[in-house]
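Novice: Protein chains in written order, with the working numbering: chain A, 1 to 469; chain B, 1 to 440; chain C, 1 to 465.
Hints listed in this document are in silico derivations from the structure and should not be mistaken for laboratory results. Keep in mind that this is a model prediction, so the values were computed, not measured. Every residue, glycine too, gets a C-beta built ideally from N, C-alpha and C. Hints may be right or wrong, so weigh each one.
[To be verified] Mimicking BS3-like on lysine-lysine, the simulated pairs with C-alpha atoms at most 25 Å apart in a straight line are:
| # | chain 1 | residue 1 | chain 2 | residue 2 |
| --- | --- | --- | --- | --- |
| 1 | A | Lys192 | C | Lys61 |
| 2 | C | Lys292 | A | Lys265 |
| 3 | C | Lys30 | C | Lys117 |
| 4 | C | Lys427 | C | Lys30 |
| 5 | A | Lys4 | B | Lys112 |
| 6 | C | Lys61 | C | Lys445 |
[Claimed, not checked] Which bits of chain A does chain B cover? Going by a derived footprint, with three or more residues having C-beta under 8 Å, they are:
| # | stretch |
| --- | --- |
| 7 | 13-23 |
| 8 | 97-103 |
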Amino acid sequence: MLTKEEELRLYEYDGSVETGRPDCVVFPGNKSEVAEIARLVNRYAVPMVGRGAGTGLSGGALAREGGVQVVFSRMNRILAVDYENQRAVVEPGVVNLELSRAVARAGLQYAPDPSSQKSCTIGGNVSENAGGPHTLRYGVTTNHILGLEVVMPDGETYRIGGAAVDAPGYDLVGLFVGSEGTLGLVVEITAKLTRLPESVKTLLAVFETTDDATETVAALTARGITPAACEMMDGWTIRVVESWIHAGLPTDAGAILLIEVDGPKEAAEEQAEAVVETCRAHKAREVRTAKDEREREALWKARKNAFGAVGRVAPDCYVQDGVIPRTRLPETLRRIAEIGKRHGFEVGNIFHAGDGNLHPMLCFDHREPGTFERAMAAASEIIALCVEMGGSITGEHGVGMEKDRLMPLLFSEADLELMKRVRGALNPAGLLNPGKLFPASKSCGEIRAPAMGRGPNELGEGVRGVTQR
Amino acid sequence: MAVEAKGMMRAMAGEAERAEYGDFARCVHCGLCLNHCPTYRLWGREADSPRGRIRQMFLVDSGEMAMDSTFVTHIDRCLDCRACETACPSGVEYGKLVELARGRIEKEYRRKGMARLGRDLFYRRLLPYPKRMAALGGLMRLVQQSGLQKMARSAGLLKLMRVDKRADLLPEIDRKFFSTETTRTFPARSARRARVAFFAGCVARMTFSALSEATIRVLRANGCEVVVPEGQWCCGALEVHAGYRDVAREMARRNFDVFLADEAGFDAIVTNAAGCGSTMKEYGLLFATDPEEHKRAKRFEGMLKDVTEFLDELGLTAPMRHVQMRATYQDSCHLLHGQKVREAPRRLIRAVEGVELVEMELSDQCCGSAGVYNVTQTETAMALLKRKMECVNATAAQTILTANPGCLLQLRAGAELAGKGQEVLHVVELLDRAIGPERP
Amino acid sequence: MNGSAEKLAQALAAIAGEANTSGDPHEIGKYAIHGVTPKALVRPANAEEIAEILRMCAAEKLGVVTRGAGTKIGMGGSPERYDVALVTTRLEQVHGYDPGDLTLSVEAGAHMADVSKLLGEHGQFLPLSVPYQKRATIGGTVASGVDSPLRQGYGSARDFLLGAEFVTGDGTRAKSGGRVVKNVAGYDLHKLFIGSLGTLGVLTKINFKTFPVAEADGGFLASFREETGAIDFVRRIAQSAVAPATLEILSPAMAALLGGQTDLGGMGMDSEGWRAASAGWAVIAGFGGSKKVLRRFETDLGGMASESGAAQAISLDGGTNRSVAERLREAIPLLLDASPATTVVRASVLPSRMGEIFAASRRSGEKHGIRVAIVARGVGIVYTAFLPETSEEKIFERLAAAASEVVTAAEAAQGFGWIPWCPDGLKRRALIWGSGRPDAALMRKLKLVFDPQAILSPGRFFGGI
Ligand SMILES: Cc1cc2nc3c(=O)[nH]c(=O)nc-3n(C[C@H](O)[C@H](O)[C@H](O)COP(=O)(O)OP(=O)(O)OC[C@H]3O[C@@H](n4cnc5c(N)ncnc54)[C@H](O)[C@@H]3O)c2cc1C
Ligand code: SF4
Ligand code: SF4
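Excised from the complex, chain A in its bound form (with noise of 0.2 Å):
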């Protein structure tokens, strides 16, 4: 347990732009220690937060309104893998990738791959209900998730679901995965396990517009072709991530799609076929397919590494996360671009384009007087128009603090009333990881954009971005 100012000021902070203090944490070992710390903190009525690898990117595992932060970081065992029924029995603490390295010998893998894998937390992914660049294929967390062990506000420990599909009654899993942490501690989770594809194939797409790019994922969507996973980045963006990658980008592109298909051979050879038909039909200049194993990882590095490399052009990037139907998207580009005209910003784009996943991202240097809250204005402005075009104000990284207020731009104040009352009902004091998801007053639409003064995070400058997906 720690409760010394300097090492808390260590976990105020999580992978958002957001911050807040705990006044204590604990790394619990086992279950029984979440439930007794979680009867302790109900007794004395003050606040609880639990915490995985802290890369959320929407302040979710801080402790807002302070109080006791539950960390898991010590709960990382693999308790059971079954191998033949593909099921695995982890602890919240388990990091993704982990797990998908335990059973790659046997050819399984946990499917969910956020680009965050390598750090963060399966109880992290199930509260946050993680996607990745996969998620076109093989579906996000809650498509993975079977049964659930989770200790409640008051510390009654509760399995829902189970091993085996379909328990009777409410799905209870259904409701925890994704609930962002507020209504039950995760202490152990049964997932399903995936096979690995007898074959991948990984392409590179470029073109001249952005427009032919978008207007290829739209026909591919069409088409029914379903790749593992169709990613896509702008011209600007990729000379800013070539000059620091070198993954040989064609610098002069208009847009690329990078895009995997798998399957059997037969199956992947043939998606692949039909893929860059597509991709030519639609003005592609070039299409390239991937040789060995060494290429394909060189492009997805490139992809993966890309918000990284874009942080280093500008002193602050923001990137947005909004979700618009796959039909809409060469007008929405369209459409975020003039925004950021409008408000004086090249907006980069690279995103899940298969999902229809955006994530625009605006670099700015908040030193220059107005241009931060210029970058929020026109981030907000881009949210609204996901809304607009039929969407969501998040497909992957949470409501957390940082978009508590958008929310009613999406659901109207009855539904919102619902779901605090679900909360309530499971979280009845309110004490477990209190004032996230929902707005505290009546909406304003914007999102928080912290004080500049004290700074969202002490330790980059003023809202010094949001990386990576």
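Take the given structure of chain A and dock chains B and C with the ligands to it, following the hints.
Specialist: Relative to chain A, chains B and C with the ligands alone:
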């Protein structure tokens, strides 16, 4: 400009160098580095993670936190393996930050009596002086051979360096010290393709003369004329890592004099010690406020090559024999994370017919050697070594290959203590074996 | 008709209109559940009317059972209070179908068949190949939680349900999720509605992800003398690169039922052929893909079948496969028709433990002298049907015991068991919801949030909800 001026002023005021705000700000606390950090993997605490250490360094630098024993402990526990640097997508230069922080600690923090004296003795009075190291080496060899180790332990010699816990980690001292007292030139064995200077290193020089000889043999067999210039000095890596930056600078200057001399005409400076190499490739950082020396440093950096990197670029031309072996490769942190060299050693290994390279899991994780870490933080180093050996054992390889003398030592101890008695070789030693004995 | 019923019908008519309301005993008699008849029936036109109806019913504490076409209304317990039958079939609009985005938003009362047809026109489908396909509504399908053979390849509704709009028990209109394929804003309340038997609210609009129809399809049928062979074959498939869309195991009795009832002629197989091919324990896999992929699957399956000791193995062409799939889809109705007192236990277990359920089912059947037919899905779901010759009261004791034994066996195998279908008389005697679990306490809390007056299908659901 302002930045430089500030640094100058500090330097003139005799203050420790510090990182700039921007260096810290580059860290966006995304946490992607956490699980790559050996100490975070062990304990799961932010304070012993890259992100947490950066935060602490920043808070101390900005005066928000005191430079107290808690801070020093967490910084001391860092292996400086720089796995975090490789993992970081935002390009945080962690190595630079921690080295600067250590510089400040040595300047401004008073360690407890004996510890400080011991450190000073080692880093200021022994390490920088090849002859003294040689003498110490001789003494230690005596200690080892005469079975006096136990006595020495009680006599406090080893304790001074805090190695009493694990004398197994101490280098076996090679009998024949590799001498650098006079410049020696070894002609190429085939048509000359390059003229290279061999950087012999200090600790390595005395404990690894066999390795140095093998390196020279391999270079020569591949058409290199190899010069071992006299007057070369220790690289200063250990000093930089420990925070003795002034000492390190002095050593660097001497090396510039030797290796950059106009008449020398080297195509490259080659080292077989990744730890030295990674420091020397960053000599520029030591001279951030001295434009003249900075220029020399940059030139030096440009010429410096790890032997695996150099041979890989040059291309192997020496005929090699079949070597039957199932081997695994442990990335040396200072080669992989410090110099970003990953494929070169692997390509060299694969070039030897008969060697089956089986990758171990987590080969990019530190073995716990980390310069003198295994001596200063023995327990942690042993915990890391144990984990490392689990991965090694799982490959069923009979030979562990690596690319840095420090790692060789640690892994040899590991093979004894927690392994299956695997043979541990430097990649060039494998090449040497494949090339075979020199034909007169 | 007594006075209060009349008043109720009038009040409902004031909301939904005369034509859409009825208190006529003859008509409402058709809406009886387990012998309980409602006082009135109403067919609201939209969510607003539903909200108004529910507000009124909540105020009066009137029991409301929501239904679509009523094809699965027999599932679950008997309603404790049943005043109003709320029929959703007038909410049948497709609000948004974006074929390019592979998303669909449709009102809850829309018929599965109509939706399938619409999607089919765009070469797409919804992987809910559920029984009563011709009559069932989308809302009823979701709320009953019935699964379909396609879950092998596509998962169950929870995997492609994107969001929903609904009216809660206090008459509040609310929603959760959205219409895009990826979305993490807010709680996934819509998932709670899956299989909730109308106890949380009335679904009004449902958003789905849709899927492209494969270029070609085919099937594979292998039969085994022993169930162990069938299980082994299924296990091998799970460990292979073959990715079937459907994977079903049929007990000999089930295969015979399926074959006896139907003529697969004209599609490469007649009843004779079917009987021959499916004698013993049969495993049927269906899959889609290109011709090349299908050939590859057939070859691999052939190899695996012989390794598992199959007595017979044949490939089914596309037409035969579709025709077999259609029969498999309707397996439950077929079973319900096969006996006057069919009792179906649904067990879900780890795939490797399906054998235990097969064995327990057979044991119970023999012990109690009742015929048993089993259809199981590769993901670990076993439907055991007890098919007594008679529906006389005297059989109930044995029937209840047999079904409950299988439920217990599922629980002993670390799985779940319950009894979705059985004669009314059995509802209170058998473990229709299994032996109960502690997390029912959490469910009760949620129920109170959605339906504070407990007017929605009271008593029909798990844990007495
Ligand atoms: C570079 C980068 C890339 C990213 N890429 C993606 C991506 O591709 N897709 C994606 O979805 N997200 C992505 N994220 C966001 C983030 O990694 C995910 O949200 C991840 O799931 C968080 O895991 P964590 O262990 O860090 O959890 P934390 O950040 O520590 O916590 C997240 C939430 O989970 C709760 N929580 C944690 N553990 C428990 C528990 N045991 N019980 C109850 N509640 C708990 C916390 O209270 C908090 O609300 C990215 C983040 C970064 C920094
Ligand atoms: S050092 Fe790099 S990887 Fe680690 S938290 Fe900071 S920005 Fe992220
Ligand atoms: S250098 Fe190594 S030990 Fe130090 S913080 Fe980075 S990864 Fe951890």
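Novice: Are the Cα positions of Lys192/A and Lys61/C separated by 25 Å at most?
Specialist: violated, 43 Å
Novice: Between Lys30/C and Lys117/C, does the CA-CA distance stay at or below 25 Å?
Specialist: Violated: Lys30/C and Lys117/C sit about 28 Å apart, past 25 Å.
Novice: Given the hint that Lys4/A pairs with Lys112/B, does the C-alpha gap stay at or below 25 Å?
Specialist: Cα-Cα ~23 Å, so holds.
Novice: Do the alpha carbons of Lys61/C and Lys445/C lie within 25 Å of each other, as the hint requires?
Specialist: Holds, at about 19 Å.
Novice: Taken at face value, is the distance from the CA of Lys265/A to the CA of Lys292/C at most 25 Å?
Specialist: holds, 10 Å
Novice: Three residues minimum, CB to CB under 8 Å: does the stretch 97-103 of chain A make the cut for coverage by chain B? Let me know.
Specialist: holds (count 3)
Novice: Report holds or violated for chain B covering the stretch 13-23 of chain A, Cβ cut-off 8 Å, minimum 3 residues.
Specialist: Satisfied; 3 residues make the cut.
Novice: Checking one constraint from the list: CA of Lys427/C to CA of Lys30/C, max 25 Å. Satisfied?
Specialist: OK: Lys427/C and Lys30/C at ~20 Å, within 25 Å.
When the structure is compared with the earlier hints, violations turn up for hints 1, 3 and for no others.
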